[in-house]
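Participant: Chain residues, written in single-letter form:
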Amino acid sequence: MIFSTLEHILTHISFSVISIVITIHFLTLFLLVDEVVGLYDSSEKGMVVTFFCITGLLVTRWIYSGHFPLSDLYESLIFLSWGFSLIHMVSYLKFKKRKNNLSAITAPSVIFTQGFTTSGLLTKMHQSAILAAALQSQWLMMHVSMMVLGYAALLCGSLLSVALLVITFRKAIKIIGENNNFSFSFGKIQYMNERSNVLLNTYFLSSKNYYRYQLTQQLDRWSYRIISLGFIFLTVRILLGAVWANEAWGSYCNWDPKETWAFITWTVFAIYFYTRTNTNLEGVNSALVASMGFLIIWICYFGVNLLGIGLHSYGSFTLN
Amino acid sequence: METLLNPSKTPNLFIPKTHLFKPYFLHSNFNPQPHSSFNRRPLSITITCKVKTSQGRKNDGKNISKKIVLTDSAPELSNEEIKAKPKGGGKAWGVIKKFPKRVLAILSNLPLAIGEMFTVAGLMALGTAIDQGESPEYYFQKYPEENPIFGFFTWRWVLTLGFDHMFSSPVFLGTLILLGTSLMACTYTTQIPLVKVARRWSFLQSADSIRKQEFSDTLPQASVSDLGVILMGAGYEVFLKGPSLYAFKGLAGRFAPIGVHLAMLLIMAGGTLSATGSFRGSVTVPQGLNFVMGDVLGPTGFLSTPTEAFNTEVHVNKFYMDYYDSGEVSQFHTDLSLFDMNGKEVMRKTLSVNDPLRYGGITIYQTNWSFSALQILKDGEGPFNLAMAPLTINGDKKLFGTFLLVGDTDSSNVKGISMLARDLQSIVLYDKQGKFAGVRRPNSKLPIEIDGTKIVIVDAIGSSGLDLKTDPGVPAVYAGFGALMLTTCISYLSHAQIWALQDGTTVIVGGKTNRAKAEFPDEMNRLLDQVPEIVESSISKKPDNIGG
Numbered sequence: 001m002i003f004s005t006l007e008h009i010l011t012h013i014s015f016s017v018i019s020i021v022i023t024i025h026f027l028t029l030f031l032l033v034d035e036v037v038g039l040y041d042s043s044e045k046g047m048v049v050t051f052f053c054i055t056g057l058l059v060t061r062w063i064y065s066g067h068f069p070l071s072d073l074y075e076s077l078i079f080l081s082w083g084f085s086l087i088h089m090v091s092y093l094k095f096k097k098r099k100n101n102l103s104a105i106t107a108p109s110v111i112f113t114q115g116f117t118t119s120g121l122l123t124k125m126h127q128s129a130i131l132a133a134a135l136q137s138q139w140l141m142m143h144v145s146m147m148v149l150g151y152a153a154l155l156c157g158s159l160l161s162v163a164l165l166v167i168t169f170r171k172a173i174k175i176i177g178e179n180n181n182f183s184f185s186f187g188k189i190q191y192m193n194e195r196s197n198v199l200l201n202t203y204f205l206s207s208k209n210y211y212r213y214q215l216t217q218q219l220d221r222w223s224y225r226i227i228s229l230g231f232i233f234l235t236v237r238i239l240l241g242a243v244w245a246n247e248a249w250g251s252y253c254n255w256d257p258k259e260t261w262a263f264i265t266w267t268v269f270a271i272y273f274y275t276r277t278n279t280n281l282e283g284v285n286s287a288l289v290a291s292m293g294f295l296i297i298w299i300c301y302f303g304v305n306l307l308g309i310g311l312h313s314y315g316s317f318t319l320n
Numbered sequence: 001m002e003t004l005l006n007p008s009k010t011p012n013l014f015i016p017k018t019h020l021f022k023p024y025f026l027h028s029n030f031n032p033q034p035h036s037s038f039n040r041r042p043l044s045i046t047i048t049c050k051v052k053t054s055q056g057r058k059n060d061g062k063n064i065s066k067k068i069v070l071t072d073s074a075p076e077l078s079n080e081e082i083k084a085k086p087k088g089g090g091k092a093w094g095v096i097k098k099f100p101k102r103v104l105a106i107l108s109n110l111p112l113a114i115g116e117m118f119t120v121a122g123l124m125a126l127g128t129a130i131d132q133g134e135s136p137e138y139y140f141q142k143y144p145e146e147n148p149i150f151g152f153f154t155w156r157w158v159l160t161l162g163f164d165h166m167f168s169s170p171v172f173l174g175t176l177i178l179l180g181t182s183l184m185a186c187t188y189t190t191q192i193p194l195v196k197v198a199r200r201w202s203f204l205q206s207a208d209s210i211r212k213q214e215f216s217d218t219l220p221q222a223s224v225s226d227l228g229v230i231l232m233g234a235g236y237e238v239f240l241k242g243p244s245l246y247a248f249k250g251l252a253g254r255f256a257p258i259g260v261h262l263a264m265l266l267i268m269a270g271g272t273l274s275a276t277g278s279f280r281g282s283v284t285v286p287q288g289l290n291f292v293m294g295d296v297l298g299p300t301g302f303l304s305t306p307t308e309a310f311n312t313e314v315h316v317n318k319f320y321m322d323y324y325d326s327g328e329v330s331q332f333h334t335d336l337s338l339f340d341m342n343g344k345e346v347m348r349k350t351l352s353v354n355d356p357l358r359y360g361g362i363t364i365y366q367t368n369w370s371f372s373a374l375q376i377l378k379d380g381e382g383p384f385n386l387a388m389a390p391l392t393i394n395g396d397k398k399l400f401g402t403f404l405l406v407g408d409t410d411s412s413n414v415k416g417i418s419m420l421a422r423d424l425q426s427i428v429l430y431d432k433q434g435k436f437a438g439v440r441r442p443n444s445k446l447p448i449e450i451d452g453t454k455i456v457i458v459d460a461i462g463s464s465g466l467d468l469k470t471d472p473g474v475p476a477v478y479a480g481f482g483a484l485m486l487t488t489c490i491s492y493l494s495h496a497q498i499w500a501l502q503d504g505t506t507v508i509v510g511g512k513t514n515r516a517k518a519e520f521p522d523e524m525n526r527l528l529d530q531v532p533e534i535v536e537s538s539i540s541k542k543p544d545n546i547g548g
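Note that the protein sequences, when read in sequence, are chains A and B. Residue 205 in my numbering sits at position 205 of the first sequence; the count goes up by one each step and never skips. Residue 10 in my numbering sits at position 10 of the second sequence; the count goes up by one each step and never skips.
In case anyone wonders, no lab produced these hints; they're calculated from the structure. Only a predicted model underlies this, so the values are computations on that prediction, with no experimental measurement involved. Certain hints may be false.
Reference listing, derived: stretches of chain B covered by chain A, where coverage requires no fewer than 3 residues with Cβ under 8 Å from a Cβ of chain A [what the hints assert, rightly or not]:
hint, segment
1, 118-129
2, 372-382
3, 502-513
Distance windows between CB atoms, simulated [to be verified]:
hint, chain 1, residue 1, chain 2, residue 2, range
4, B, 489, A, 66, 32 to 38 Å
5, A, 295, B, 105, 44 to 50 Å
6, B, 122, A, 23, 39 to 45 Å
7, B, 220, A, 141, 23 to 29 Å
Footprint (simulated), chain B over chain A, 3 or more residues, beta carbon under 8 Å [claimed, not checked]:
hint, segment
8, 44-54
9, 264-272
Glycine residues also receive a C-beta, built at the ideal position from the N, C-alpha and C atoms.
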């Protein structure tokens, strides 16, 4: 009993802290306060607190249910938000000196993922369910954790590429970035790109083109590195899944939807790397491919589960 | 990292002691030899020298000779690197010889490869959108000609192109084969020459060519040998000849992409072998019965050949399930005994879902289960075996039922006692009117009285659903998996090359790298800061932080 209350407490703490952090980000945007550094520090501290809260949440669930907390969609979403906050922590610790653009992507991702999971949509799934026979294996830990970490990294990288594209084609798209009005009718991606744009406008009012070029270069490099990391995770996850399938179901390649879409994701990101080897296509084209990869990851993660068929039906749910 | 400067027999040539990558070199074949057919440089000097290594595991004591070619400029990377065929035969022979080269050139085109990968991805996506393996009538219904999707997509498209069995259809397999050949062509024409170029040690003799590198810097009042020491401390392999220096690090990063391609080809080959040479079969065996493996296994392709182990007889001793406290099933177990042709028991093992049985190349998996029969005593008579029929199957949730006739069996309106079960641990009984009568567990042996009939549930006999499989391609595929994981990780190592030239008292340094382009200048600056400055007047002071 104590574990479930602890779990509840941790969930609520992490959600509240995340909300505070994003509020701070909004404030820096709206009010353009000059002591941005102080607020930045506190938002970073907020992210650290969130990271520990989510870790505690996962550990509690693990102890309470007796199995690694990755057996259904709710738990994998919590793990995904943990993955995002982990990436944020690592990049924060490694590059203490300067603000990096990565935080613009990871922080809101954590918020929205966490918010979605704890929202009313999935209330049924909060309690930990028992594990089906096929999932009781050591492979579960390795395969699914690689999968979720890979998703976190690849999603970050793809979002950075989308940001790059938006910044490059800003004039063509005519985003409302000049003033600080933006409405939530745009998606989360637009929001983040506007943030980068607004940062660009406020801090570098002169020589816009040069700094925009610098920004796109930086985004490109960050995107490449994060996607490389995510690609390794994705490769390992596909191969571990195949080996596990061979142990459990008799064949390492069953062509069920989840596996097929994982393979499609891998192919698309392999195309991303190939376009980068040829320097003519580098930059915008590879960013296009990475943006496609963003959509494909969501199809692979959620879309297939909505169908609910095939051997991977553990994570399925129906929207009602 | 203790690399020392060790003067060898040839003067002016500092050959340092080696660390891990070196033995690779010493066994390799250095191509640029003046008498080979594909060396077209007009002026080349070959120097043979003897090298002793302390870590020569394979060549203890033997002296390996290496050839170092000094050129005036960096070697060109051109299409001439493709293996030049010997000039022989007549004109027709020449044309035929040219044909593979052109095909190779076409196949190794990068946009083509990218297009193929997109096609494969698109076909796979289509394969998940269209339901696979259904009968033609299903497709007639789903994609009718009167109302085509997107205006043109009807069942004709699906059936003629083989989209109903997408993953074994000629279109898909053809694209995969094309992708495989592109991979091979690309490896041959692009990557192998890159490796040859990267491995060649070339010294740049002119300061201008060094300055043209991606990163270049000038160090006044320094000496090349100090730079060499610093670089060695940082893990580079350093070669000095007179005033010029060449250093590199991370050559494995150049080999790894080839390894990735080869690993993928290995996986594809293993997959092909599996598809054409394996046996598959599944069987549901009630507890207590046997089957022979060869009866159950059927071939999947033309390369399948049965083995001696197919004559083994499998006997199901017991099938049972574990349950959680809530009543849900947690695990399935089957206790199997294997007997060979002479009736001797060769193996006995209990299978469960993630724990298959392996014998003689054949693997048996626990994949399914069923309820075979219910053994009951009716009014003290029996035991009777009532066969259980599946009523609804919903994934892991199954429902079985059986029916016991009571009363007048000749009348047209037969009535009886129904017994339903979800699993092997509790049976629910209903009376003649269909009303709930009670629940009994098979081990309890408690009788239940329904409409005057006394029923005792003696035993619930389950049957185990087993899948059998033999797959010769699995070792190749697993080897490919391991290689792919390893080489993907290694291919992120960056291969950095540094050239330096001593020009009077200044040293001109230039370098380039293929991967971590952003950090390279920072790393170079850090290293160059450590090079001691030679003060003219007195002995050169060396700061304490020389790398080590």
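Participant: Please go over all the hints and tell whether each is borne out by the structure.
Facilitator: Each hint, compared with the structure:
no., hint, in the structure
1, 118-129, "holds (count 7)"
2, 372-382, "violated (count 0)"
3, 502-513, "violated (count 0)"
4, B:489 - A:66: 32 to 38 Å, "33 Å, holds"
5, A:295 - B:105: 44 to 50 Å, "35 Å, violated"
6, B:122 - A:23: 39 to 45 Å, "43 Å, holds"
7, B:220 - A:141: 23 to 29 Å, "57 Å, violated"
8, 44-54, "violated (count 0)"
9, 264-272, "holds (count 5)"
Violation of the numbered hints given earlier is confined to hints 2, 3, 5, 7 and 8; the remaining hints are satisfied by the structure.
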